[in-house]
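S.K.: Based on the hints, put chain P in the right spot on chain H.
Chains H and P supply the protein sequences, listed in that same order.
The numbering used here puts the first sequence at residues 1 to 468.
The numbering used here puts the second sequence at residues 469 to 671.
Hints listed in this document are in silico derivations from the structure and should not be mistaken for laboratory results.
In this text the structure is predicted, and so the values were computed from the model without any measurement.
Careful: at least some of the hints might be erroneous.
Claimed, not checked - Here chain P is said to cover these stretches of chain H; the calculated rule only asks that three of the stretch's residues, wherever they fall, bring their Cβ under 8 Å from a Cβ of chain P:
1) 142-154
2) 249-261
3) 422-434
To be verified - Derived list of chain P stretches under chain H, where covered just means 3 residues or more per stretch with a C-beta under 8 Å from a C-beta of chain H:
4) 481-494
5) 498-510
6) 535-547
7) 627-639
8) 651-664
Said to hold, decoys possible - Here are a few chain H residues that face chain P, going by a calculated C-beta distance under 10 Å:
9) I13
10) H15
11) Y25
12) E41
13) D75
14) I77
15) G120
16) T130
17) I223
18) T291
All C-beta atoms, glycine included, are put in the ideal place defined by N, C-alpha and C.
One-letter residues, chain by chain:
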Amino acid sequence: MKTLYDKVWKSHIVHEEAGQPALMYVDLHLIHEVTSPQAFEGLRVAGRKVRQAGRTFATVDHAIPTLNRNLPFKDPIAAQQVEKLRENCKEFGVKLYDLDRIEQGIIHVFGPEQGLTQPGMTIVCGDSHTSTHGAFGALAFGIGTSEVEHVLATQTLQQSPAKNFLIRVDGKLPYGVTAKDIILGIINEIGTGGATGHVIEYAGSAIESLSIEGRMTVCNMSIEAGAKAGLIAPDEKTFEYLKGRPFAPKGEDWNRAVAYWGTLPTDAGAAYDKTVAIDAGDLEPYVTWGTSPEMSVKISESVPDISDARDASQRETNERAFAYMGLEPSQKIDEIGIDVAFIGSCTNSRIEDLREAARVANGYHVNSGVKAMIVPGSMQIKKQAEDEGLAKIFIDAGFEWRDAGCSMCLAMNDDVLADGERCASTSNRNFEGRQGRGGRTHLVSPMMAAAAAITGHFVDVRDWKFRD
Amino acid sequence: MNKFVVHSGSCVPLMRENIDTDQIIPKQFLKRIERSGYGEFLFYDWRFAADGTPTADFVLNDPRYAGASILIAGANFACGSSREHAPWSLMDHGFRVIIAPSFADIFYNNSLKNGLLPITLDAADVAYLGEAVSADPNFTLTVDLENCTVTDGAAFTRSFKIDKFRRHCLLNGLDDIGMTLQHEATITDYETRLASTGRFVLA
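Just chain P, same shape as in the assembly:
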């Protein structure tokens, strides 16, 4: 997994609530069998008209926000389908951080496993950031995972919460499977006990 320690970048505001993973990466792009190359399909139906031309009024097409790596979004971000193609497409497009008042559980998990950092802040703070970015597209934030802070280097500094273990994994870019397999003997013991109960035999 990609490490995440400190990241500074410009932002883009997408202040809708309940943005679902069908919008983030529409289903027609889920037939590919690779993990990479989804960035060009990110928010496809919002970014492009039916004929494939970019939509003028969608914020990701606004040249003022080109190169942004922090997405500011509305509540319950990435609800719906479990598709991990959602964090894959966001990262492939260049995002490293998503800031929202709340996230759907599966997406939150999927993001952490890919080195994409979802940060939950109070709705009022997220609204403030949305306005700040809209007023000044060069508005930049620095996210420090070691200290769990988000700051614009001036008036705005907030700390955020993240599970300690997940933070540790992100800071070190650790592989979940490798860590779990350190407990392989314990898993085998569990399986032996399970077999002795006769439960859940699927034959």
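Here chain H stands alone, though its shape is the one from the complex:
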């Protein structure tokens, strides 16, 4: 009896020897401009080639502007980095989806959209949010640049097995509670180091009820609980999502693939090293208040009291977070005003996220004190949103409508919070300075971010008066 993780792991072992990590085969290697240049340079110095250029796919996302992509970059160092990726891809024969391509987008949006991400695969990328692809039942995780070089040269990684961690979320999700709230609730429960050394498998009726895009949102933030990866068993929804995508199997290959994918889910009675159960009915929209993704509260709650801390170390950490965030202990969430709303990132920039945000924004206008921006996850999503009329709703409501990229999630480009600015953000990290030095990030769902953009402060989206 094996878990989904055990099955994918075992089927990818190339070589095993006592006292050494196993060699794990990599089916798909995704690369981007920021964590690859030093890896290609390493190959060049050692006179090595990319072993499987056909399993290596590149796009640009982290450092690129989300406005005026046709013009020269304002930032010469970012321009050099993108140019280096172009040179490297050309020299080593790697397919690059550059700024002029409709497929270009955030690497973790791009892979699934193109059908590259498939159940049972191993997928790596020099980016911690590679866990996103686990939504398809693929073993997907982030690696450092030395490992990027290792995969380029050998198509394998030296790996030791992880432990199995089952997180069940059962029951019906309450109205207004999204995939983002499920994962924020889970991280709140287990902590940012709660899954270190483990691969999480998310299961239960609330997880099954999610769309593939919702499942990607959940798996995306597995790393925020310290997990090696996050996985969800593939099912009919997974197959439906994949069918017909450019790199998905076709014809007889498709039938064979579906038959294989059907063997992947965890066997009944398989053992996990750790299990947590969460009742979906207990969840509410979440808002982070501090500088770690575990520092969150339900919208109906207040930010914690200092005396709630479990020990001196946590009290000090919380005090530092309060000071950085400019909040008072016990402050009510709906009293917190915002300056910026950011809807985007590999966590929440897909078409369903934009539909939810547009439904909230429809017929309203962004608050006069708020700068709000929508950054689609790929240029295809941007086009789809324009075709569906979502872009018009956003633009009419006063949101800025940008091109695809990582943008203000990590603020490597021009989309940066100013010192002291407070942001309702659909991204994944509320670390100090993440969105700009002195910037204050509150992680929320797309609906919650859109509602905060309109009212100028956090509100309970479950009370929203929709105008559609």
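M.R.: Structure of chain P alone, referenced to chain H:
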């Protein structure tokens, strides 16, 4: 990779929990395409005010800790982003060892591939070291990877655990890729078997 056998050095205490890699090396420095030269950007937003002047109250700016090569830190050190620029910047700044109650997985891996040694000790021991260093900035530790021990040469000696294979690589400064390529024929066999299943064809 740099070899690591024995290292003695003074320490600096940074006892916060969940220090993330965004703090260790902020994103504005990730646009460079080199592997070296990140030391001056280490903990940049904590070390420097917005105008670039050093912050007086940050421990790495405290002259008493100048030249420290062992960082004592809180739990879940280096969580978040996978950026290998984190170990690069720590090493370029002069650190060879990080001691904490726990580390995030990706950082732990990245460090070992660069000859930076992350050592996990019990929270109480790490707290003790933090206090010892705060009380005496000249407090020195010796880390012996051959024997897996950390000692101050007096009252404090602890052994630590590290994967045997990783220890072997560090002690000998071995190149991972070179080792893996010794199995190239096995990789080719795997690829032949994979092709015969028709799985994961990306065309």
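S.K.: Against each hint, give a clear statement of whether it holds in the structure.
M.R.: Status of the hints after comparison with the structure:
1. Only residues whose C-beta sits within less than 8 Å of a C-beta in chain P count toward coverage, and the segment 142-154 of chain H has 10 of them, enough to reach three; the restraint holds.
2. For a cut-off of 8 Å, the count of residues in the segment 249-261 of chain H with a CB near a CB of chain P stands at 5, and the three-residue condition holds.
3. With 5 residues bearing a CB less than 8 Å from a CB of chain P, the segment 422-434 of chain H meets the requirement of three and the coverage assertion stands.
4. Restraint check on the segment 481-494 of chain P versus chain H: 8 residues with Cβ-Cβ distances below 8 Å, three needed, restraint holds.
5. For a cut-off of 8 Å, the count of residues in the segment 498-510 of chain P with a CB near a CB of chain H stands at 6, and the three-residue condition holds.
6. Counting residues of the segment 535-547 of chain P whose CB lies closer than 8 Å to any CB of chain H gives 4, which reaches the minimum of 3, so the coverage claim holds.
7. A stretch counts as covered by a chain when three or more of its residues have a beta carbon under 8 Å from one of that chain; for the segment 627-639 of chain P and chain H the count is 3, and the coverage holds.
8. Residue count for the segment 651-664 of chain P with a Cβ under 8 Å from a Cβ of chain H: 7. That meets the three needed, and the coverage hint holds.
9. Annotation: interface hint on I13 (chain H) holds; nearest CB of chain P at approximately 9 Å, less than 10 Å.
10. With a cut of 10 Å, the hint placing H15 (chain H) at the interface with chain P holds, because the nearest CB-to-CB distance is about 5 Å.
11. Restraint check, Y25 (chain H) versus chain P: the minimum CB separation of about 6 Å is within 10 Å; hint holds.
12. A cut of 10 Å between beta carbons decides the hint on E41 (chain H): the least distance to chain P is about 7 Å, and the hint holds.
13. The beta carbon of D75 (chain H) is positioned within 10 Å of a beta carbon in chain P (closest approach about 7 Å), and the interface hint is therefore held.
14. About 4 Å separates the beta-carbon of I77 (chain H) from the nearest beta-carbon of chain P, less than 10 Å, and the hint is met.
15. Proximity of G120 (chain H) to chain P holds as hinted, the smallest CB-CB distance being about 7 Å (cut-off 10 Å).
16. Interface restraint check for T130 (chain H): the shortest CB-CB distance to chain P comes to about 8 Å, inside 10 Å, so the restraint holds.
17. Of the supplied interface hints, the one on I223 (chain H) holds, with its beta-carbon coming within about 8 Å of a beta-carbon of chain P, less than 10 Å.
18. Satisfaction of the interface hint for T291 (chain H) is found here, the shortest Cβ-Cβ separation to chain P being roughly 9 Å, below the 10 Å cut-off.
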